[in-house]
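Asks: One-letter residues, chain by chain:
There are 2 protein chains.
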Amino acid sequence: MSEGFYNCSVGITAPTPLGNLDDFVEDATQTGHDFVVVPIADDHYKRVLFEEADSKKQLNEWRAGLPLTPKDLVLKKVDWAGVCTGIFSDWIDLESEDDLIRINSEIALKQEATWAAHLGLPSVLLPILPSNTISNFARVMCSLTNILSYAQILIRVIISDGSEATGWTQWNTLYNLTEQNPKLNVALELSAQLPMEEDQIERWYSMPIKAVIIPANVFISNQKGFPVLPKRHQSFVKALMKKFKPSIIVTASELGLHQAGGPSAYQEYIRYLNRSLPPPDDVERFSVGYQDYLQAPLQPLMDNLESATYETFEKDPIKYQQYEKAVYHALLDRVPEGSDVVTVIMVVGAGRGPLVNCSIRAAEKANRKVRLYAVEKNPNALVTLQNMKDEVWHDLVTIVFSDMRKWVAPEKCDILVSELLGSFGDNELSPECLDGAQKFLKPDGISIPSSYTTYIAPLSSSKLCHEVAAYKDLEHSETPYVVMFQQVSHIAEPKPIWTFHHPNKDDFEADSDPLHNMHNVRFQSTTFQAKGNITMHGIAGYFDSVLYKDVMISIHPETHSPGMFSWFPIFFPLQTPVFVPEGATITIDYWRLTDNKKVWYEWRVGQSLNVVDKTIELGTTPVHNIGGRSSWIGL
Amino acid sequence: MSEGFYNCSVGITAPTPLGNLDDFVEDATQTGHDFVVVPIADDHYKRVLFEEADSKKQLNEWRAGLPLTPKDLVLKKVDWAGVCTGIFSDWIDLESEDDLIRINSEIALKQEATWAAHLGLPSVLLPILPSNTISNFARVMCSLTNILSYAQILIRVIISDGSEATGWTQWNTLYNLTEQNPKLNVALELSAQLPMEEDQIERWYSMPIKAVIIPANVFISNQKGFPVLPKRHQSFVKALMKKFKPSIIVTASELGLHQAGGPSAYQEYIRYLNRSLPPPDDVERFSVGYQDYLQAPLQPLMDNLESATYETFEKDPIKYQQYEKAVYHALLDRVPEGSDVVTVIMVVGAGRGPLVNCSIRAAEKANRKVRLYAVEKNPNALVTLQNMKDEVWHDLVTIVFSDMRKWVAPEKCDILVSELLGSFGDNELSPECLDGAQKFLKPDGISIPSSYTTYIAPLSSSKLCHEVAAYKDLEHSETPYVVMFQQVSHIAEPKPIWTFHHPNKDDFEADSDPLHNMHNVRFQSTTFQAKGNITMHGIAGYFDSVLYKDVMISIHPETHSPGMFSWFPIFFPLQTPVFVPEGATITIDYWRLTDNKKVWYEWRVGQSLNVVDKTIELGTTPVHNIGGRSSWIGL
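Chain order of the listed sequences is A and B. Take the first sequence: its letter number 282 is residue 282 in full-length UniProt numbering, and every next letter is one higher. Take the second sequence: its letter number 490 is residue 490 in full-length UniProt numbering, and every next letter is one higher.
If you are wondering where the hints come from, they were derived from the structure by calculation, not from laboratory data. What you are looking at is a predicted structure, and each value in this text was computed from that prediction instead of being measured. It is possible that some hints are incorrect.
Unchecked claim - Where chain B lies over chain A, by a calculated footprint (3+ residues, C-beta under 8 Å):
id, segment
1, 137 to 146
2, 175 to 185
3, 248 to 256
4, 453 to 467
5, 510 to 522
6, 602 to 615
In this text, a Cβ means the ideal position worked out from N, Cα and C, and glycines have one as well.
Modelling step: build the complete structure from the supplied sequences, incorporating the hints.
Replies: In structure tokens:
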């Protein structure tokens, strides 16, 4: 992957007044710009508002369909169309209280859009969002998507300076009014002052940003007089480049606000920023193509994993290192140095053997004698295990072909090693499997892992919302997905909901199989405090696990084991996006439920608002995935 | 229709302690009760909570599936099952914070439910709703609907006395948590004090009430010592009987709170109330079978109405009376008494001629000379018109077969009479039709109607919500329906949104056809103040019309023309129910939009809350029916 991994195209807006269009486009190209941003119509076209309404006849003829005239237009021919983003007229007022202006604005906007579609412009830019009501604007945007079926529609939103979050609020309302129409995108315009609060910046990561507009006055001059961005703007723009690869549009460059660099200075600086992004790290490289992509979680208990899946996960540089460390410390703690005691280690769910190798390496390093069993129910993986035994392990390892819940072990072990964890901790049924396997763990034996904890956080992501909605059925809106998050924003920090400990000596006779699975039922109600208004699309899930004492693995964002790529987060969608008002308390209820054949999760989200002396309930989603109707994990 | 039109069945709850079940059922039947309400399980069954948890082994065996024992049961055999409503144990606590009690309660409830299903009980009654959290309860109710696929599930809710609206709030939350599961019904228990505010009573009309529980202590004694209900209870129970025909359950009758009447007194009083309901009036009789039933609005412009449709609407006793009055006053105003002037009346959209007859009667009464044209585009109706001319009207009436928008009239008229109105006023395209017809109205001519106004109100109705949801598609959730409202509750009083006036002399040349239809576009944003928390399922639409001066017709609930049955209200659904918190302001935006081929409505609902010094936005629905994608009226 080259330096150009996060390359963005850079464009420039036409000066006012424009002068000669051909010259401008030629200059822009020669100064290194990839595209230009040009008004579709001339100011002359404002005539169609008929604000005076002096001629009813002309008004009616125009409303009946009279086309644009050449005098009305800036973009007249298709010569440059391929590199032009068309700007709609800024006098168009879709929220005017004056019926005449509002209705004529709509007709005019559609005329400009039809013309833009006719020219084949690759994208169009709407005027800045109205600051008061917005429902007419939203309605017209929806009908615009039919006219502009090929062009990218960019809605211009100014990121506010934090005191009044108008740009965000208006866009978010617009987006909800249009049912999060996937044809509508944000052209985010930076202001000289960015919002003070980091979450007011980060919430934009949940939105479909396709362009970033940087006015020349946002740039400061460096010591040599060249335009550069202030530090905070820099890091925000870099984050946007990584997450969205947006087009960058420079406006007002013709004002000559910066002494040095000439007309290509802004463009060159943006490309410099682009190049200065660090190349993707191991995890990022591993994730290419998976960002915001919904994957069904593995069901390794019901299904047999494929060789390629083992292959991929065995490459994790961190996970096995941590397991080795855990076994190493367990051995040191359990057996005195120099002892001849042979420690029996059973690796349950051995797969193709990586945890067997970890355990052997740990024993060598600890200088402790061990004997191992590798228990695996997948017959295909067993072939590899058998090979390993024949060629490497020999008598050190006994291979067992069995479901660990059914196996009748010839002896009990000192250390039970397993890795049956999913992105949500227990979602690959580690609790149920280990309930069955702990029969052959000695009363004072050690389970690695010794516990795992599940975390959740309310999440906003229009991208994930679109991905789920694309399935157009109930089932997919109640199914958890494994996702490498990219265009998402946490509405609040993750919180733990439950923990499983192993071995489990409290809930049933340690030596026998459990009669039922009710002890693995969990329920937790958790509250989160939302800061600004935002739309919630689902719940992010994470886990961490204590392998042994202080040896941990984690995919919790705050404590993520660096470089470990075996688990992406999990995402539980909501059937319908939930608007979270400023200051609301979000309550998320989670259930882990079970019957004789399966395990499933149910979840629901409620909201309330504390107002002076009372709490006002703001409603609730339905309980999702009732009875596991849409998604479950087979026992 | 007999006195028994609103008959309800009456049942009685078993006393505590029950004694002999057979005797109780026999007594109850002999004292005139239709059914009995009996516990499914004995108190002995509470053992399964294992609150002491002294025997893990027994707990686990029970959890693994040990069935109920005879000692656990009250209802043991199927003898009486057909007349029994089973009550679940009241110690079942699905919201306990103690995992043991909560999980065991769920298992116990399901065991009782399975037993009730096995016995084939026609209905079951849940314990009183928990008063704090309710999401576990809701989740379990959903899974109960699978066990009890044939029995009616009654959730017991106590109507509160108004100070704390716990019963309502808890039920409403429960219902939203279960996605308004149509298998869940309310058994509404009356308290001695009903809520003070009328809207706290009326909002129950939007809920699926299948039973009303009346404890004996709610009855007062009349002069002779017989139990009777207080006035307010009486009228509430009567309203419930009319709307829901619920089962009535009397509880605690064994306490002997009333001196006279004996064990059958309550039952007899309820049947007396039942009989005292006035028989259905004309409109109600006309509406039988149509209550809360969704009908697609007529499209008389695109489709030709059938003979039966004309037949039905011609029977309206009020509408034609009002039209006759309107024409009568118009004639009196327009022509001096004794004048020989012949007034030309054109009836456009004459159908089978009722408005022609009205006009002739009006002229006779006014003693004015008239000449009439009957313009109709439906060839089938024309046959009847021609018959009428041949047999009754002769030269007085000229029959014209034409679309009124296309007709080239041989002369201009003095009075243009039409009835092209829909439940939403303009939704059968009266504005567009009269735009075309007014060409042949004299400059000083009179249009009857002279105007019509559309009204909307936010509406709650679980019934209508279910009806729409049953279609399981987007289209039906964005289509307006004509509905005779019954199980509904207005969230706020209706407000006007727009008016059309005729003739229209402002928007285009009076003598010519309009070049376009933009002058019939309408937009209105209206706010409503909600009182208590409630769930909004859609919008009710009404109209009134000034036929001439003070001669009106109206289907607005406050001013409804008595006895007029030609129009039911209209209902615009919401895609997803909207929870309306206490004190919220509801904003409804409505659009009437048009292109060359059709007219359609779009709508959206937003909410906000005024908190001390600021307004907090609570979110918005999407704009519904964008571009008329789901419903429209053909021009």
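Asks: Determine which of the earlier numbered hints do not hold for this structure and return their numbers in increasing order.
Replies: Violated hints: 3 and 4; rest satisfied.
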